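Visitor: With chain A held as given, fit chains B and C onto it using these hints.
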Amino acid sequence: MSQKDKTWKEISPAGVCWKSSQTYLTGDWKSFTPVRDTEKCTKCLICTIYCPDGAIHWDPKKDDIEFDLNFCKGCGICANECPTKAIVMKGE
Amino acid sequence: MEISEGKFTAKDIAEKPDLFLSGHRACAGCAPATVLRLIMKATRGPTIVTNATGCMEVSSTIYPYTSWATPWLHTAFETAGSNASGIEAALKILRKKGRIKDQQVDVVAFAGDGGTYDIGIQALSGAVERGHDFLFVLYDNEAYMNTGIQRSGGTPYGASTTTSQAGALVPGKQEQKKPIADIMVAHDMPYVATASPYYWKDLITKARKGIEVNGPAFLHVFAPCPRGWRSESSKSIELSKLAVETCIFPLWEATNGEYQLSIPSKVIALAPQKKKPVKEYLQVQGRFRHLFTPKNEKMLEEIQHRTDEKWNRLLKKCNVTVPAQAK
Amino acid sequence: MKNVAKQETHGLNGDEAVALAVKQADVDVVAAYPITPQTIIVEKFSEYVANGEVQTEYICTESEHSAMAACLAASATGARVFTASASAGLALMHEMLFVTSGCRAPVIMAVANRALSAPLNIHGDHSDAIAERDSGWIQLYAENAQEVYDSVLQAFRIGEHLDVQLPVMVGLDGFTLSHTLENMSVLPDGVVKDFVKTRQFPVVLTHEGKTVPFKLDPEKPLTLGPVALPNYYFEFKRQQEEAMKNATKVIGQIHDEYSQLTGRSYGDGLIENYRLDDAEIAMVCLGSTAGTVKVVVDDLREKGIKAGLLRIRSYRPFPAERIARALGSVKAAAVMDRSMSFGGVGGALFHEVRHALYDSTNRPSLVDYIYGLGGRDTSPTQIRQVFEDLQKSLQTKRVEPLVRYLGLRE
Numbered sequence: 001m002s003q004k005d006k007t008w009k010e011i012s013p014a015g016v017c018w019k020s021s022q023t024y025l026t027g028d029w030k031s032f033t034p035v036r037d038t039e040k041c042t043k044c045l046i047c048t049i050y051c052p053d054g055a056i057h058w059d060p061k062k063d064d065i066e067f068d069l070n071f072c073k074g075c076g077i078c079a080n081e082c083p084t085k086a087i088v089m090k091g092e
Numbered sequence: 001m002e003i004s005e006g007k008f009t010a011k012d013i014a015e016k017p018d019l020f021l022s023g024h025r026a027c028a029g030c031a032p033a034t035v036l037r038l039i040m041k042a043t044r045g046p047t048i049v050t051n052a053t054g055c056m057e058v059s060s061t062i063y064p065y066t067s068w069a070t071p072w073l074h075t076a077f078e079t080a081g082s083n084a085s086g087i088e089a090a091l092k093i094l095r096k097k098g099r100i101k102d103q104q105v106d107v108v109a110f111a112g113d114g115g116t117y118d119i120g121i122q123a124l125s126g127a128v129e130r131g132h133d134f135l136f137v138l139y140d141n142e143a144y145m146n147t148g149i150q151r152s153g154g155t156p157y158g159a160s161t162t163t164s165q166a167g168a169l170v171p172g173k174q175e176q177k178k179p180i181a182d183i184m185v186a187h188d189m190p191y192v193a194t195a196s197p198y199y200w201k202d203l204i205t206k207a208r209k210g211i212e213v214n215g216p217a218f219l220h221v222f223a224p225c226p227r228g229w230r231s232e233s234s235k236s237i238e239l240s241k242l243a244v245e246t247c248i249f250p251l252w253e254a255t256n257g258e259y260q261l262s263i264p265s266k267v268i269a270l271a272p273q274k275k276k277p278v279k280e281y282l283q284v285q286g287r288f289r290h291l292f293t294p295k296n297e298k299m300l301e302e303i304q305h306r307t308d309e310k311w312n313r314l315l316k317k318c319n320v321t322v323p324a325q326a327k
Numbered sequence: 001m002k003n004v005a006k007q008e009t010h011g012l013n014g015d016e017a018v019a020l021a022v023k024q025a026d027v028d029v030v031a032a033y034p035i036t037p038q039t040i041i042v043e044k045f046s047e048y049v050a051n052g053e054v055q056t057e058y059i060c061t062e063s064e065h066s067a068m069a070a071c072l073a074a075s076a077t078g079a080r081v082f083t084a085s086a087s088a089g090l091a092l093m094h095e096m097l098f099v100t101s102g103c104r105a106p107v108i109m110a111v112a113n114r115a116l117s118a119p120l121n122i123h124g125d126h127s128d129a130i131a132e133r134d135s136g137w138i139q140l141y142a143e144n145a146q147e148v149y150d151s152v153l154q155a156f157r158i159g160e161h162l163d164v165q166l167p168v169m170v171g172l173d174g175f176t177l178s179h180t181l182e183n184m185s186v187l188p189d190g191v192v193k194d195f196v197k198t199r200q201f202p203v204v205l206t207h208e209g210k211t212v213p214f215k216l217d218p219e220k221p222l223t224l225g226p227v228a229l230p231n232y233y234f235e236f237k238r239q240q241e242e243a244m245k246n247a248t249k250v251i252g253q254i255h256d257e258y259s260q261l262t263g264r265s266y267g268d269g270l271i272e273n274y275r276l277d278d279a280e281i282a283m284v285c286l287g288s289t290a291g292t293v294k295v296v297v298d299d300l301r302e303k304g305i306k307a308g309l310l311r312i313r314s315y316r317p318f319p320a321e322r323i324a325r326a327l328g329s330v331k332a333a334a335v336m337d338r339s340m341s342f343g344g345v346g347g348a349l350f351h352e353v354r355h356a357l358y359d360s361t362n363r364p365s366l367v368d369y370i371y372g373l374g375g376r377d378t379s380p381t382q383i384r385q386v387f388e389d390l391q392k393s394l395q396t397k398r399v400e401p402l403v404r405y406l407g408l409r410e
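Chains as they are written, first to last, in the working numbering: chain A, 1 to 92; chain B, 1 to 327; chain C, 1 to 410.
Take these hints with a grain of salt, some might be off.
What the hints assert, rightly or not - Straight-line distance between alpha carbons at most 25 Å, and here's what the computed DSS-like set of lysine-lysine pairs gives:
{"no.": "1", "chain 1": "C", "residue 1": "K220", "chain 2": "B", "residue 2": "K97"}
{"no.": "2", "chain 1": "A", "residue 1": "K19", "chain 2": "C", "residue 2": "K210"}
{"no.": "3", "chain 1": "C", "residue 1": "K197", "chain 2": "B", "residue 2": "K96"}
{"no.": "4", "chain 1": "C", "residue 1": "K193", "chain 2": "B", "residue 2": "K101"}
{"no.": "5", "chain 1": "B", "residue 1": "K16", "chain 2": "A", "residue 2": "K43"}
{"no.": "6", "chain 1": "C", "residue 1": "K210", "chain 2": "A", "residue 2": "K4"}
{"no.": "7", "chain 1": "A", "residue 1": "K85", "chain 2": "B", "residue 2": "K274"}
{"no.": "8", "chain 1": "C", "residue 1": "K237", "chain 2": "A", "residue 2": "K19"}
{"no.": "9", "chain 1": "A", "residue 1": "K62", "chain 2": "B", "residue 2": "K16"}
{"no.": "10", "chain 1": "B", "residue 1": "K96", "chain 2": "C", "residue 2": "K220"}
{"no.": "11", "chain 1": "B", "residue 1": "K92", "chain 2": "C", "residue 2": "K193"}
{"no.": "12", "chain 1": "B", "residue 1": "K276", "chain 2": "A", "residue 2": "K85"}
{"no.": "13", "chain 1": "B", "residue 1": "K92", "chain 2": "C", "residue 2": "K23"}
Stated by the list, open to error - Here are some chain B residues the structure puts well away from chain C; computed CB gaps all over 10 Å:
{"no.": "14", "residue": "K7"}
{"no.": "15", "residue": "D18"}
{"no.": "16", "residue": "V170"}
{"no.": "17", "residue": "P171"}
{"no.": "18", "residue": "K201"}
{"no.": "19", "residue": "E238"}
{"no.": "20", "residue": "T255"}
{"no.": "21", "residue": "H290"}
{"no.": "22", "residue": "P294"}
{"no.": "23", "residue": "H305"}
{"no.": "24", "residue": "V320"}
Stated by the list, open to error - Residues of chain B placed beyond 12 Å of chain A at every Cβ, according to the derived structure:
{"no.": "25", "residue": "S4"}
{"no.": "26", "residue": "G148"}
{"no.": "27", "residue": "Q165"}
{"no.": "28", "residue": "E258"}
Read the hints as simulated data drawn from the structure, not as lab findings. All of these numbers come straight from a predicted model, not from anything done at the bench. Each residue gets a CB set at the ideal place from its N, CA and C atoms; glycine is no exception.
One chain only, chain A, in its complex shape:
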């Protein structure tokens, strides 16, 4: 975001986007961070379904879920929907 913007000659025409939003870290928007109690978590994966930002991932290799705090905006939907209340939103 701090790099110099390109000139009209340097960019592709018609406004074709050249950066994935995965390089734009919305994680610093949050005022609350989800914290998961792994004891309570049943890995039902409901949180991975509902997250508007796709910031919760299921890692089959680790057989566990992962919160990607780079993109989590702290909305609290995961905490609200978790059937075992394994997620708690902690203030920053």
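Guide: Same frame as chain A, but now just chains B and C:
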């Protein structure tokens, strides 16, 4: 897994890579963003997406960033339906002429209130009448949220928006919500369905059905907006559950015009004691706050009455009879 | 020099000529909505479709706005695309015209130039296309049905040229050209196919870090039509202007190539000088009126009067330098505007020709004639009157009034 038959698990969905990528700039707790993520999980192969102007379009494509892993086109506010028509026609003919790979490419159009109910209805209606093969998804947050929460044809009765304010004289929007899904059924189209993100399995199944059907399909998805509805960002999915439980937003599908109630709503039909009063849904949203004053009591009654009336009409259309003892 | 292709003579009106050109040009998608006087184009093309004579997806959209959106979307998907409109239909597309050029989609459109409402008028004038002069579309104006046919074919090559990538509209005067039967030379299908070639795509950088052909392709995803904030929007507009600059050259090149093929030429492709070299008095105009003017010019020349005509074929890009050169030695000229710019002290063409001459040391005195609005016929007698007034002004050196009306009941 047979997605169109609902035969999949949360794990199946979780393991499918996201095609609507993180890093988009939708608000925290934005249900439309969840809706788009889930619909994209329902795709079955090569897909081209087109968006009408609106929240999801703007928040996902701020140049030079994009949140779309599929080819994606935006042209204007009115044009989700007409874009889809052009893309579909081009794919058809280019395939026929051997200029592109001979493979099925699905076309999905996303639009909000404006792009569906109002400014976009003409193009949608025209595209459906012409029978183009595409899925049109309405992410309904019940106002023109992107431009600042202005009322739309999809804004429900009594809601306060910036252009239908709850003021000293007029208590919010006085007109009813346009029955867009019924309007689409009246087009005699192959597949129309309503969905809600809380019922994610139902939503994904229906999206996949819409994609697979030959011809136009319309999916009306309820998508709470914490910003515009003045509700808590953590409750967006819960609200989409309450809307179904209060029968404000029943879930059904119409295949070739034949209505069928979907399970979450069927449960309520067959066990009416589970039907929640609309108050429970309305009281957690700031846009309905003015209804909870003695002056506007009648409006609450009106909303309950209308909801019940429409619900009963829907039950008739779906050929569902409420059990005798519950009446 | 290549041999001129063997051509057949057909009796066609302007609309039919357009439809035939589109048929021969291997167009992939046509999305259009009917409006007088373009209806024959869409009807004729529908006939081709119904008889299986074209391999084209034909979308009868429910409005012109949707027609242009569908064209843009189809073009973005990689199809060669065509549409046609006029008057209110073109006006309804207004928003989408800008989007189409902004998305650099080479959509080709025939405009059967017709007056804008109100009051409703179905007859010819240039107000519809002139109102879209800022839309980023290349605009060519034809003098006769033959040129309409030729220009539509050239338009595909111009718009799709890698240095251009802009949409092109070809104007044919409503009823005068659209509906009037003319003997014209038609190229064989094979020759047209070789000329129009298949669509080429420039390459763009995508969010995957890949350089891919500029079209919607599931194997090479790209995002087109984003929101560009104040930090970037301006640069895209500059790119469009550069494309317009390149178009000046490309229009000339394609015209010359086509000239060699057919034996027909229209000046240098951008402007046509008719007996202008030693002319003292001249008229500047767009479109079919030029035909009438040429007859009057010939007549005047016979009488020893040094009259000439500058017909502008390419209105956008506006060939300012060429116009200034062409009119340099003319002493008095009349610009013919078949549209009005209310409150603008003359019509658009007058403004731009005057602008082109502003810095010239040698330039004619210039007056504006608003004429032919709403299909008002312009006779040779009236044209002759304008030349007479120009002759008079050579002596009086007077130009007032600057803006006049030809054929208006005053």
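Visitor: When you check the alpha-carbon spacing of B/K276 and A/K85, does it fall within 25 Å?
Guide: 23 Å, holds
Visitor: C/K193 and B/K101 were given as a pair; does the straight-line alpha-carbon distance stay at or below 25 Å?
Guide: With Cα atoms ~23 Å apart, C/K193 and B/K101 stay inside 25 Å; holds.
Visitor: Taken at face value, is the distance from the CA of B/K16 to the CA of A/K62 at most 25 Å?
Guide: The given pair, whose Cα atoms are some 16 Å apart, holds under the 25 Å limit.
Visitor: Is the Cβ of B/T255 farther than 10 Å from every Cβ of chain C?
Guide: 25 Å, holds
Visitor: Quickly compare the C-alpha distance for C/K220 and B/K97 to 25 Å and report which way the hint goes.
Guide: 20 Å, holds
Visitor: Mind verifying the non-interface call on B/E238? Its CB should be farther than 10 Å from each CB in chain C.
Guide: At roughly 31 Å from the nearest Cβ of chain C, B/E238 sits farther out than 10 Å, so the non-interface label holds.
Visitor: Holds or violated: C/K237 with A/K19, Cα cutoff 25 Å?
Guide: Cα-Cα ~20 Å, so holds.
Visitor: Please verify whether B/K92 and C/K23 have alpha carbons no more than 25 Å apart.
Guide: Given that 25 Å is the threshold and the Cα spacing comes to 18 Å, the pair holds.
Visitor: Far enough from chain C: is every CB of that chain over 10 Å from the CB of B/V170?
Guide: 32 Å, holds
Visitor: Measure nothing beyond the straight line between the CA atoms of A/K85 and B/K274; if it is 25 Å or shorter, mark the hint as holding.
Guide: 23 Å, holds
Visitor: Holds or violated: B/K96 and C/K220, Cα atoms, limit 25 Å.
Guide: Since the Cα atoms of B/K96 and C/K220 sit roughly 20 Å apart, the hinted pair holds (cutoff 25 Å).
Visitor: Checking the smallest CB distance to chain C, is B/V320 really beyond 10 Å?
Guide: Non-interface label stands for B/V320: nearest chain C Cβ at 36 Å, farther than 10 Å.
Checked against the numbered hints given earlier, this structure breaks none of them.
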